[in-house]
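Q: One-letter residues, chain by chain:
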Amino acid sequence: MNKAFNLVLFLSRSCSIWSRNIRVWGKLAGPSLMGNFGEPLLYLLVLGYGLGKFVGEVEGLSYMAFLASGVICTSAVNSASFEGMYSAYTRMDVQQTWMGMLATPIGVAEVVFGEILWAATKSLISVCAILIVATALGLVENAWAILILPIAFITGLCFSSLALLVTSYAKSYDFFLYYTTLFITPMVLLSGVFFPIDTLPDGVQVLAKAMPLYHAISLVRPLMTGGEVSSIFLHLSVLIMFGGVAGVLATERIKKRLIK
Amino acid sequence: MNSVNSPSVVVEASNLSKIYDNTAVVDKLNLTIESGSFCGILGPNGAGKTTTLRMFIGHCPIDGGELSILGQPMPRNASLVRESVGVVPQMDNLDPDFTVRENLQVYGRFFGISAKVLEKRIVELLDFSSLQDKADNKISELSGGMRRRLTLARALINNPKLLILDEPTTGLDPQARQAIWQKLRELKKQGLTLILTTHYMEEAERLCDRVIVMDHGKVMADSPPKKLIRDEIESHVLEVHTANESLVESLKQDPSIARFEQSGDIHFFYGDKLKIALDELENSSHDDYLFRPANLEDVFIKLTGRDLRE
Ligand SMILES: Nc1ncnc2c1ncn2[C@@H]1O[C@H](COP(=O)(O)OP(=O)(O)O)[C@@H](O)[C@H]1O
Ligand SMILES: [Mg+2]
Numbered sequence: 001m002n003k004a005f006n007l008v009l010f011l012s013r014s015c016s017i018w019s020r021n022i023r024v025w026g027k028l029a030g031p032s033l034m035g036n037f038g039e040p041l042l043y044l045l046v047l048g049y050g051l052g053k054f055v056g057e058v059e060g061l062s063y064m065a066f067l068a069s070g071v072i073c074t075s076a077v078n079s080a081s082f083e084g085m086y087s088a089y090t091r092m093d094v095q096q097t098w099m100g101m102l103a104t105p106i107g108v109a110e111v112v113f114g115e116i117l118w119a120a121t122k123s124l125i126s127v128c129a130i131l132i133v134a135t136a137l138g139l140v141e142n143a144w145a146i147l148i149l150p151i152a153f154i155t156g157l158c159f160s161s162l163a164l165l166v167t168s169y170a171k172s173y174d175f176f177l178y179y180t181t182l183f184i185t186p187m188v189l190l191s192g193v194f195f196p197i198d199t200l201p202d203g204v205q206v207l208a209k210a211m212p213l214y215h216a217i218s219l220v221r222p223l224m225t226g227g228e229v230s231s232i233f234l235h236l237s238v239l240i241m242f243g244g245v246a247g248v249l250a251t252e253r254i255k256k257r258l259i260k
Numbered sequence: 001m002n003s004v005n006s007p008s009v010v011v012e013a014s015n016l017s018k019i020y021d022n023t024a025v026v027d028k029l030n031l032t033i034e035s036g037s038f039c040g041i042l043g044p045n046g047a048g049k050t051t052t053l054r055m056f057i058g059h060c061p062i063d064g065g066e067l068s069i070l071g072q073p074m075p076r077n078a079s080l081v082r083e084s085v086g087v088v089p090q091m092d093n094l095d096p097d098f099t100v101r102e103n104l105q106v107y108g109r110f111f112g113i114s115a116k117v118l119e120k121r122i123v124e125l126l127d128f129s130s131l132q133d134k135a136d137n138k139i140s141e142l143s144g145g146m147r148r149r150l151t152l153a154r155a156l157i158n159n160p161k162l163l164i165l166d167e168p169t170t171g172l173d174p175q176a177r178q179a180i181w182q183k184l185r186e187l188k189k190q191g192l193t194l195i196l197t198t199h200y201m202e203e204a205e206r207l208c209d210r211v212i213v214m215d216h217g218k219v220m221a222d223s224p225p226k227k228l229i230r231d232e233i234e235s236h237v238l239e240v241h242t243a244n245e246s247l248v249e250s251l252k253q254d255p256s257i258a259r260f261e262q263s264g265d266i267h268f269f270y271g272d273k274l275k276i277a278l279d280e281l282e283n284s285s286h287d288d289y290l291f292r293p294a295n296l297e298d299v300f301i302k303l304t305g306r307d308l309r310e
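If you read the sequences in order, they're chains A and B. Numbers 1 to 260, taken from our numbering, label the letters of the first sequence in order. Numbers 1 to 310, taken from our numbering, label the letters of the second sequence in order.
It is worth saying that the hints were derived from the structure and are not from the lab. Values in this document were obtained by computation on a predicted structure and should not be read as measured data.
Computed list of chain A residues with no C-beta within reach of chain B, every gap over 10 Å: (1) A4; (2) G52; (3) E59; (4) A143; (5) T181; (6) L182; (7) G203; (8) A210; (9) M211; (10) G226; (11) I232; (12) V245; (13) V248; (14) R257.
Pairs of lysine to aspartate or glutamate, EDC-like flavour, derived with a Cα cap of 16 Å: (15) A:K260 <-> B:D63; (16) B:K218 <-> B:D27; (17) A:K260 <-> B:D21; (18) A:K27 <-> B:E102; (19) B:K183 <-> B:E167.
All residues carry an ideal CB built from backbone N, CA and C; glycine is no exception.
Looking at chain A on its own, in the form it has when it is part of the complex (with noise of 0.2 Å):
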């Protein structure tokens, strides 16, 4: 019973960080979005149009069907480390707008849990947007296509913990280069965003498949084009597992960095 409601009020605490992101989110709804889904969208058609003259097919798919999963994985993992890194950095260190939260009875744990489920909202919107324009230029196969939103926000909760992990070590904005740059992009280049895995050297498949994004991937890419959706287990463990740690580890180096 108290669990319960313990559990309750965390919930609805970690709310009230998210609505306050959505509400500041909304005053700047049009230029966003064009950041949050312009960008994968030309990606997606001058990459599927331009290269899929050359490629031709892939798996048995055209390639703009191939690379449109993708594409809505990566704007996913984007939309959530943008989110985690610079915005929520902005929150924690330049506006201090989190010691103004945890003057109130929210605790650390609540506005990490907040920013994370607002970052992976971010997510959710980005692939929303990416995956009408996708049904409306026939890229999508049948209504299976819908599940792909619950996995873009698993998604989304996974890479903004680590992105919050990330922000918790971070002493400028200069800092996420580093994350960007080490993590983000290679995982991007060989998770099967552009091309299939199986033609990159075995050491490199298995790095790969350490990856969260890889099995985001792997879970969209039938969903999209109509294919048998494999092993759902393994890969949702992986990006809940990713995401479980990170989200923990992020929350204790925050409430050392912020309580000390």
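Given the coordinates of chain A, work out where chain B with the ligands should sit on it, guided by the hints.
A: Relative to the frame of chain A, chain B with the ligands by itself:
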């Protein structure tokens, strides 16, 4: 629900300590603050004022001693305590993405206050802080004084039992400062318990019914401001500016001088009458001097020294 009741003792600290880099920044502090009092904490930069206040709201782990706020053990019940505490931090952290009204709405939600209750409360608070006309302005459009009044209004959104203000008037012009003073007096009249830190002696003297002088994490003095001046220092001060050696020497001959200090080219003579020294000055050609009753600043300097801090 299980919010704190109203105990007669609001703050109870015993041997409260905080250590940073092997230095006790708050050093075995013993302090009891009664409900309804307006308590000022004075101290030079780095004295440990902010750290002490941060411990009061669970923003700083305690390294030694015990602390209870509103009868609740800290930091264990920090969240519960913060339900009934208002905080005006040293550094503004208003939400720049929102208007004045939105700042209050969003903050109220953090306390879990329902939209309906909040709406009414916000009207009252905008009125109290004289920000009715600015309700829909962005934070960047407010003056420093308005921002501080909004921070004060925000701190009151939850109807706190204890209001903590860390240098609420630093950097404000005299008009803005007096506007804040007036609000704080009003709150005191309503029975709120207030704790404030300040660099301005005048502020503490006018507002507080109890002044705690703190330095190096320790309490140097603790009593009502008038009593502090009466007990801790001679009744009058003679300040002589740019005097030559021989004049200073002859002034020092006055037996009623209890204490003498020099700072730059100003000589301070402390005592009760100082009649002989004053006569001496009358008769000399030197007219750059000031004879005045001692004030809180003199007490402060006596207790914490004239050395510059940080
Ligand atoms: N997070 C911290 N880490 C290390 N030292 C700190 C920290 N916070 C405060 N201090 C030190 O503790 C001392 C007291 O600081 P503070 O409580 O802010 O003083 P005040 O508010 O009286 O000016 C200062 O010497 C300050 O440098
Ligand atoms: Mg301070």
